[in-house]
Amino acid sequence: MCDPIFEYQFRLILIGDSTVGKSSLLRYFTDGKFDESCDPTVGVDFYARLMEVKPGVRVKLQLWDTAGQERFRSITRSYYRNSVGVMIVYDISKRSSFENLKTWYEEAREHIEPHKAIFVILGHKADNEEKRQVTFREGKRFAEMHGLKFFETSAKSGQNVEESFASIAKDTYQHLLDGHIKIEEGWDGVKAGFAKPKETVQLVEAETESRCC
Amino acid sequence: MDKKEVTICDKDINILDDPEHSILEDKLFSDIEDIDPYQSVDLVERVVAHKNDFQKVEVVEQSAELFPDTASDSSDGSEALENEKNISESSVPNAKQESVTENNVTVSGGNSAQAKPMLQSSSTIEGCVLRHRLDPEPPRSVLDNDGVVQHQEDDAVPKGLKEKNKIRLIRKTLDSKPVDVAALRNLAISPGGLINTEMRQRVWPLLLNVNTKNITPKPSHEEMLAMSKTYTQVVMDVNRSSSRFPPGIDDHVRMSMKDKLVDLIMRVMLKNKQLKYYQGFHDVCITFLLVMDEDLAFAMVDRLALGNMREYLDETMERTSLLLNYIYPLVNKCNPELCQHMERNDLGTIFALSWVITWFSHVLGDIKRIVRVFDFFLASHRLMPVYLSAAFVLYREQDIYAAGDEMGYIHKCLSTIPSDLPLESLLERAGDLYLQYPPIEISQDPMLIRMNRQVYEHFNRIDSRNASRRLAQQSSDIRSRMFVKFTMWTVTAVVGVAAAVLYHAYRGQEWAAVDIWSPFS
Numbered sequence: 001m002c003d004p005i006f007e008y009q010f011r012l013i014l015i016g017d018s019t020v021g022k023s024s025l026l027r028y029f030t031d032g033k034f035d036e037s038c039d040p041t042v043g044v045d046f047y048a049r050l051m052e053v054k055p056g057v058r059v060k061l062q063l064w065d066t067a068g069q070e071r072f073r074s075i076t077r078s079y080y081r082n083s084v085g086v087m088i089v090y091d092i093s094k095r096s097s098f099e100n101l102k103t104w105y106e107e108a109r110e111h112i113e114p115h116k117a118i119f120v121i122l123g124h125k126a127d128n129e130e131k132r133q134v135t136f137r138e139g140k141r142f143a144e145m146h147g148l149k150f151f152e153t154s155a156k157s158g159q160n161v162e163e164s165f166a167s168i169a170k171d172t173y174q175h176l177l178d179g180h181i182k183i184e185e186g187w188d189g190v191k192a193g194f195a196k197p198k199e200t201v202q203l204v205e206a207e208t209e210s211r212c213c
Numbered sequence: 001m002d003k004k005e006v007t008i009c010d011k012d013i014n015i016l017d018d019p020e021h022s023i024l025e026d027k028l029f030s031d032i033e034d035i036d037p038y039q040s041v042d043l044v045e046r047v048v049a050h051k052n053d054f055q056k057v058e059v060v061e062q063s064a065e066l067f068p069d070t071a072s073d074s075s076d077g078s079e080a081l082e083n084e085k086n087i088s089e090s091s092v093p094n095a096k097q098e099s100v101t102e103n104n105v106t107v108s109g110g111n112s113a114q115a116k117p118m119l120q121s122s123s124t125i126e127g128c129v130l131r132h133r134l135d136p137e138p139p140r141s142v143l144d145n146d147g148v149v150q151h152q153e154d155d156a157v158p159k160g161l162k163e164k165n166k167i168r169l170i171r172k173t174l175d176s177k178p179v180d181v182a183a184l185r186n187l188a189i190s191p192g193g194l195i196n197t198e199m200r201q202r203v204w205p206l207l208l209n210v211n212t213k214n215i216t217p218k219p220s221h222e223e224m225l226a227m228s229k230t231y232t233q234v235v236m237d238v239n240r241s242s243s244r245f246p247p248g249i250d251d252h253v254r255m256s257m258k259d260k261l262v263d264l265i266m267r268v269m270l271k272n273k274q275l276k277y278y279q280g281f282h283d284v285c286i287t288f289l290l291v292m293d294e295d296l297a298f299a300m301v302d303r304l305a306l307g308n309m310r311e312y313l314d315e316t317m318e319r320t321s322l323l324l325n326y327i328y329p330l331v332n333k334c335n336p337e338l339c340q341h342m343e344r345n346d347l348g349t350i351f352a353l354s355w356v357i358t359w360f361s362h363v364l365g366d367i368k369r370i371v372r373v374f375d376f377f378l379a380s381h382r383l384m385p386v387y388l389s390a391a392f393v394l395y396r397e398q399d400i401y402a403a404g405d406e407m408g409y410i411h412k413c414l415s416t417i418p419s420d421l422p423l424e425s426l427l428e429r430a431g432d433l434y435l436q437y438p439p440i441e442i443s444q445d446p447m448l449i450r451m452n453r454q455v456y457e458h459f460n461r462i463d464s465r466n467a468s469r470r471l472a473q474q475s476s477d478i479r480s481r482m483f484v485k486f487t488m489w490t491v492t493a494v495v496g497v498a499a500a501v502l503y504h505a506y507r508g509q510e511w512a513a514v515d516i517w518s519p520f521s
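Chains A and B supply the protein sequences, listed in that same order.
Residue numbering for the first sequence follows the UniProt record's numbering, beginning at 1 and increasing consecutively.
Residue numbering for the second sequence follows the UniProt record's numbering, beginning at 1 and increasing consecutively.
Worth flagging that the hints you see were computed from the coordinates, not collected in a lab.
Heads up, a few of these hints could be off.
As the list claims (entries may be wrong) - In silico DMTMM-like links for lysine to aspartate or glutamate, alpha-carbon gap of 20 Å or less:
#	chain 1	residue 1	chain 2	residue 2
1	A	K131	B	E406
2	A	K116	A	D171
3	A	K191	B	E406
Predicted model only: the values in this text are computed from it and were never measured.
Here chain A stands alone, though its shape is the one from the complex (with noise of 0.2 Å):
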């Protein structure tokens, strides 16, 4: 199978409590398809997207899933440190999956240094309004107070989906113009893609399954 083309390869991690919809959101943004149920997650699951940032750029997206069982968070950790982007995920139905974002902020936080990274705050299931337990204005104030981006988010509806990634991948490439961020030796957070064949290569918008399956 032939690589795609994209100039730089981001990798990203997606943590929060458990059934707020981590693996329901990688799903529809890879695959575009919703399930109702949607297996737990046992360790970490791994997926890839490519995403224009500006028109003729294209970056690939690695993201990994990471299981969000407390217990889980031991092994996980590792993951952290080679990441650039962060999507901390809440459950807007459920209190508590927005209580313990600050605990997911501050750990993740705490991995990733002295790397810099971005962060987002996803309020998921943003479809459910009927269960609503956290306003957007709640999860707006969290992000804002962090200095951090917000969006809501709906793997049913599709809501913000495209949005939200789209967001994080364009803010690492234009902190990686302006030099905030750095590719370096030993850390995979940002990698260089493949250089443009202009002709010959067939260009793909999205890659939903690995190179080897």
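Starting from the known structure of chain A, fit chain B onto it as the hints suggest.
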């Protein structure tokens, strides 16, 4: 029974007759005559009880009446007693079939005859009464089986004559007195494993030397709720575990089994409070619940939880990480180049985590393959899941190289199980690896020692970080408490003085006495 009920019943039987659903068919319609006359009475009871369980779900649908499961539990108990009575009364083995049939009739009649009040804690899904508040599922069409790997031809079970011969051999071994467990072990390991559900129901408990009598009774709903954190997690995970049930399984049967699954997990957790539930343990429990009745499944899982799977149920993943490390020296012994490639790409061992802690039940998809692997593990050394993981890695060598120098793609490649996986030969390879490089030899391998040291360091770091965080938290608590106290004292003093001044201010005749203190002077 009215016309509508008859239709429902016909539909159910059609579903169960479908060749695709052979597992259920096994459970419901496996030849009762095949039950061995000389096997232990206890096992017969359980097999019969399991059949009744499934039948009961149909009965509930037919009569469209709501029963709390706790109430049917008590009827379970009376059935078991009746079974025991009937079986013990039938001194002639041939009489067993009759007693089994009679029991089924009694069960159906008994359930449809009385309507029982519903417990507050139970929830109802179209005629199916549940102990736990599980989310209802929309009915799924046959095509709607995403996530379930289906295989037309499964290499796990050889067909035809071989199968029959093996069943005969297993029966013969079960007949031996005392039962030759070592021979059963070999039969479980050898190609095809234990062939069908009935054999598994009889052999699995013997492989683990499970005591099928005096099984701890099911805890009450209140006891489960009291363990709220675990209970909430378990219900959430069970709610999302639909893909683990055989495709095409009736919605009501699935919901009823999910309910039993919560019971089963909580039963193990409540009996052994030192164990900590992990996501993936539910996958192991479903597998047993698909093969045997609740009590026997509990006895099996309880034994595993305290034995082969003990490390996985620790509070932390430290000991599990140490076990996973075995994969590397094993791969290194057989294919050093591949091992270097994996190490160079920082692959780690997390790709194999779900394989090992769920005994591959999280990833294999097809229940036939899963039970085959369980045959193998139940009859093998406790580290065999790690040996099988190494065999899986070695088998995927070319795919791993094809994934290039990218940890993510190698991880993805390994965690995607190909549909044409030659399971039998991989089990054989794992067995060979075990014989060639036994755990004692690997445990002294320098590579393992080095990797284990990293694990210790990693977890020590986490421990010390947690400790310092707790300490910081405590000291900040103390500081904030001191601050609050100080503020309270100050405020009280100021308010007191102010009150005194105002009091004197109102009493004009005493102005002179407080003149020097007065702000108006």
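Mind listing which of the numbered hints don't hold for this structure, in increasing order?
1
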